[in-house]
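Undergrad: Below, each chain spelled out in residue letters.
Number of protein chains: 2
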Amino acid sequence: MTNATIEDVAKACGLSRATVSRVINGEPNVKPLTIEKVKKAIAELGYHPNIHAQALSGGGAKTVGIMLPRIWRSYYSSLLSSIEEVAAQEGYYALIMAKDYLKNAERIFDEGRVDGFIFRNMDHVEEHERLFLRLRKRNVPFVLIGNPLRDYPAITIDNVGGGRAVAKHFAMHGFRKIVYLGGPSDNVDSNDRYFGFRIGFEESGMNPEGILRINGDYSTKSGYNAISEIMLTQKPDAIFAANDRMALGAILYLHKNGVCVPQDIAIAGFDDSYFAKYITPALTTVRQPFREMGTAAMKQLCSMLKGSSANPGKIILPAKFIVRASCSCPYSHDDSLDVLDAVENSE
Amino acid sequence: MTNATIEDVAKACGLSRATVSRVINGEPNVKPLTIEKVKKAIAELGYHPNIHAQALSGGGAKTVGIMLPRIWRSYYSSLLSSIEEVAAQEGYYALIMAKDYLKNAERIFDEGRVDGFIFRNMDHVEEHERLFLRLRKRNVPFVLIGNPLRDYPAITIDNVGGGRAVAKHFAMHGFRKIVYLGGPSDNVDSNDRYFGFRIGFEESGMNPEGILRINGDYSTKSGYNAISEIMLTQKPDAIFAANDRMALGAILYLHKNGVCVPQDIAIAGFDDSYFAKYITPALTTVRQPFREMGTAAMKQLCSMLKGSSANPGKIILPAKFIVRASCSCPYSHDDSLDVLDAVENSE
DNA sequence: TTACATTATGAAACCACTCTCATTATGTAA
DNA sequence: TTACATAATGAGAGTGGTTTCATAATGTAA
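These protein sequences, in sequence, are chains A and B.
First residue of the first sequence? That's 1 in UniProt numbering, and the numbers climb one at a time after it.
First residue of the second sequence? That's 1 in UniProt numbering, and the numbers climb one at a time after it.
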């Protein structure tokens, strides 16, 4: 019932462990006939090499740690599935970790559980900096997703470009009084989107100093609250939210208070979540290529694990600006049918 | 730079590996002073026991395989995060696997990578049956989520109860001609919801034979297509979809073709996805407690891993019927604000 | 003080592999 | 045939822990 060992295989074909090991690892200088015999025995015994023994004798765990923030977002599904897919192709396994990963990352590496990491780092920049510095010192391979820091390998999307595209579009519509509804103040994605928006606004001949920034925490509720606060004193032309959920929160508040979107106030979001095209009004937003991010990150990590020591730097994936109705452009819900064939993983 | 070993710790405090091992594992009969010394050395060296060595000498991998279908749904985020949370509490780690898990599950167990499994098994009942039978024979602990089979430990939601609640509500509204928009024909969830619906319909004094069933694949597009087909020959009073996405697909088709929802045709879905309360009309649906499912599954698995041999059978979690506008009940989008505080993980 | 139980520690085997090095078998050139 | 290179295989050490068993140190009762 218990699994066969390499010793069992060796005995079964009258050879030594060493020779069986050679066959398993495809080393040269083994007689073809011997290879035959060993493979037959392996098949008959249903033998699979014990990973711990392999790892212990220098092979590594063939596992990577996927470190995600405590607060899960549903688009992690796309991220995870693409990561796992690439990992499987390359003979690696994915260990996920969310709770307290800042505290535990180094330990699970020390324990030999993982050979490297992918971090979806969001906030708490300083803590991450400290961790990354230690890992770098110890030559632990890791890749960041979505929040580039220093010269660490990172996969990002073009937040600046996305923000800029929204700004130019807003400027084209003639919106002047803008509210930027950001994520947490130390969130790099949010800050980059803000930065890009300012640039784009300025490039369009508008004054970026008039942009009012208020921060939420990416939740629907925080978008609702932030806008309810702003509306006490302001009446902007348009709102650019750092993600779709906060944009939706804003819409909910405005609708509840009799403000028409987009006629009175236009809105754009970020992410192109699953629901974006189905709410009313359909949300103008910037699409994040989550699957591609996961794929790129895992490929990057694999090449580092296989010894490529060259620091690959950052990969910036394009973000696609999606125009729908919430910016006051013409759009019919029927339009969403055209893209119904697209993979439904985006959120 | 390379990690300290137990030997290093032993040397550092002039003791043997055995004694250090005792301290680490909290065994009795070690002098308090010795414990002190060892702990100090461990702290100074930053020592962490190597998991592979521990596993090799009988400890197990302290890892469980989380096996998810190839097609990822966004609610897996909730499932995974709760699973990981419980796992961390209990000193376990979560290895996720999606691609070809039917083929690979047994292998990764043989390799010693995992000590047990959680399966989110969906379709392909026969293949799963074969796998589970083999695992059972080999005494491999595993728990199923969402699709109970034979007497294997499983965490399910009350699909039958959910379907029944929808049926009773539909009957109360006086809907007679019903279309059931199911998932794949061998999908247990879908079949149970259908079954529950029939029961509820019958219990309400209606004739369940009039229910027309048509299957999609849970995607928005398939819901759209299925209803477009049905509408060529039928004009139902109401549609009950096996998930929210297909319900949305149906709504999209109906709107596009000038059919009013819910005035002309009422609709209910299943899942209570994030978007359900935000689309127009807000979707009447049945809420799945994904986080609770993950928690229950992992707790169950842990108790099995810790030796509890009693077969715990099935745990059926309640599903909550949520009335909104799409069944033609009065509902304002503002109502969704009341639940905005709820955790936003559900999808 | 002796006798014996109990506590505290170490030596070494064991887990299932890989890898080095030694040894034997085979092939080729002088 | 000898000499030597190369191919094929095995013995054994090493990987980092746990665990058994033996032994030394300490405690307690007669």
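Think of the hints as simulated: they come from the structure by calculation, not from any bench.
Any given hint might turn out to be false.
Because identical chains share one entry, a pair is satisfied inside a single copy or across any pair of copies.
[Said to hold, decoys possible] Calculated lysine to aspartate or glutamate pairs in the EDC-like style (CA-CA distance at most 20 Å, straight line):
no.	residue 1	residue 2
1	K62	E111
2	K62	D110
3	K40	D151
4	K62	D100
5	K37	E129
6	K103	D237
7	K37	D237
8	K221	E111
9	K99	E129
10	K37	E106
11	K168	E202
12	K137	D123
13	K235	E292
14	K221	E36
15	K11	E126
16	K31	D110
17	K39	E85
18	K39	E209
19	K177	D217
20	K40	E129
21	K99	E229
22	K235	E90
23	K62	D217
24	K99	D110
25	K177	E229
These numbers were taken from a predicted model, which means no experiment stands behind them.
Undergrad: How would you label the pair K40, E129 (within, between, both, or neither) given a Cα cut-off of 20 Å?
TA: For K40 and E129, neither the intra-copy (52 Å) nor the inter-copy (28 Å) Cα distance is at most 20 Å.
Undergrad: At most 20 Å between C-alpha atoms: does K168 with E202 qualify within a copy, between copies, both, or neither?
TA: Intra 9 Å, inter 59 Å, cutoff 20 Å: intra-copy only.
Undergrad: Check K37 against E106 for me: Cα-Cα at most 20 Å, and say if that holds within a copy, between copies, both or neither.
TA: This pair counts as neither: shortest intra-copy Cα distance 43 Å, inter-copy 24 Å.
Undergrad: How do K40 and D151 come out at 20 Å by Cα distance, when the copy is not named: within, between, both, or neither?
TA: The answer is neither: 50 Å in one copy and 36 Å across copies each exceed 20 Å.
Undergrad: Up to 20 Å between alpha-carbons, please classify K39 paired with E85: within, between, both or neither.
TA: neither (28 Å within a copy, 41 Å between copies)
Undergrad: If the cut is 20 Å between Cα atoms, do K99 and E129 qualify within a copy, between copies, both or neither?
TA: within (18 Å within a copy, 34 Å between copies)
Undergrad: If the cut is 20 Å between Cα atoms, do K99 and E229 qualify within a copy, between copies, both or neither?
TA: This pair counts as neither: shortest intra-copy Cα distance 33 Å, inter-copy 47 Å.
Undergrad: One pair to classify: K103 and D237, alpha carbons no more than 20 Å apart. Within, between, both, or neither?
TA: neither (44 Å within a copy, 56 Å between copies)
Undergrad: Checking K62 and E111: alpha-carbon separation at most 20 Å within a copy, between copies, both or neither?
TA: both (13 Å within a copy, 12 Å between copies)
Undergrad: At 20 Å max between alpha carbons, let me know whether K177 reaches D217 within a copy, between copies, both or neither.
TA: Classified as neither; 23 Å inside a copy, 46 Å across copies.
Undergrad: What label fits K221 with E36 when the C-alpha limit is 20 Å: within, between, both, or neither?
TA: neither (65 Å within a copy, 50 Å between copies)
Undergrad: Taking 20 Å as the upper bound on the Cα-Cα distance, should K37 and D237 be classified as within, between, both, or neither?
TA: neither (77 Å within a copy, 68 Å between copies)
The structure fails hints 3, 5, 6, 7, 8, 10, 12, 13, 14, 15, 16, 17, 18, 19, 20, 21, 22 and 23 (numbered hints given earlier, in ascending order).
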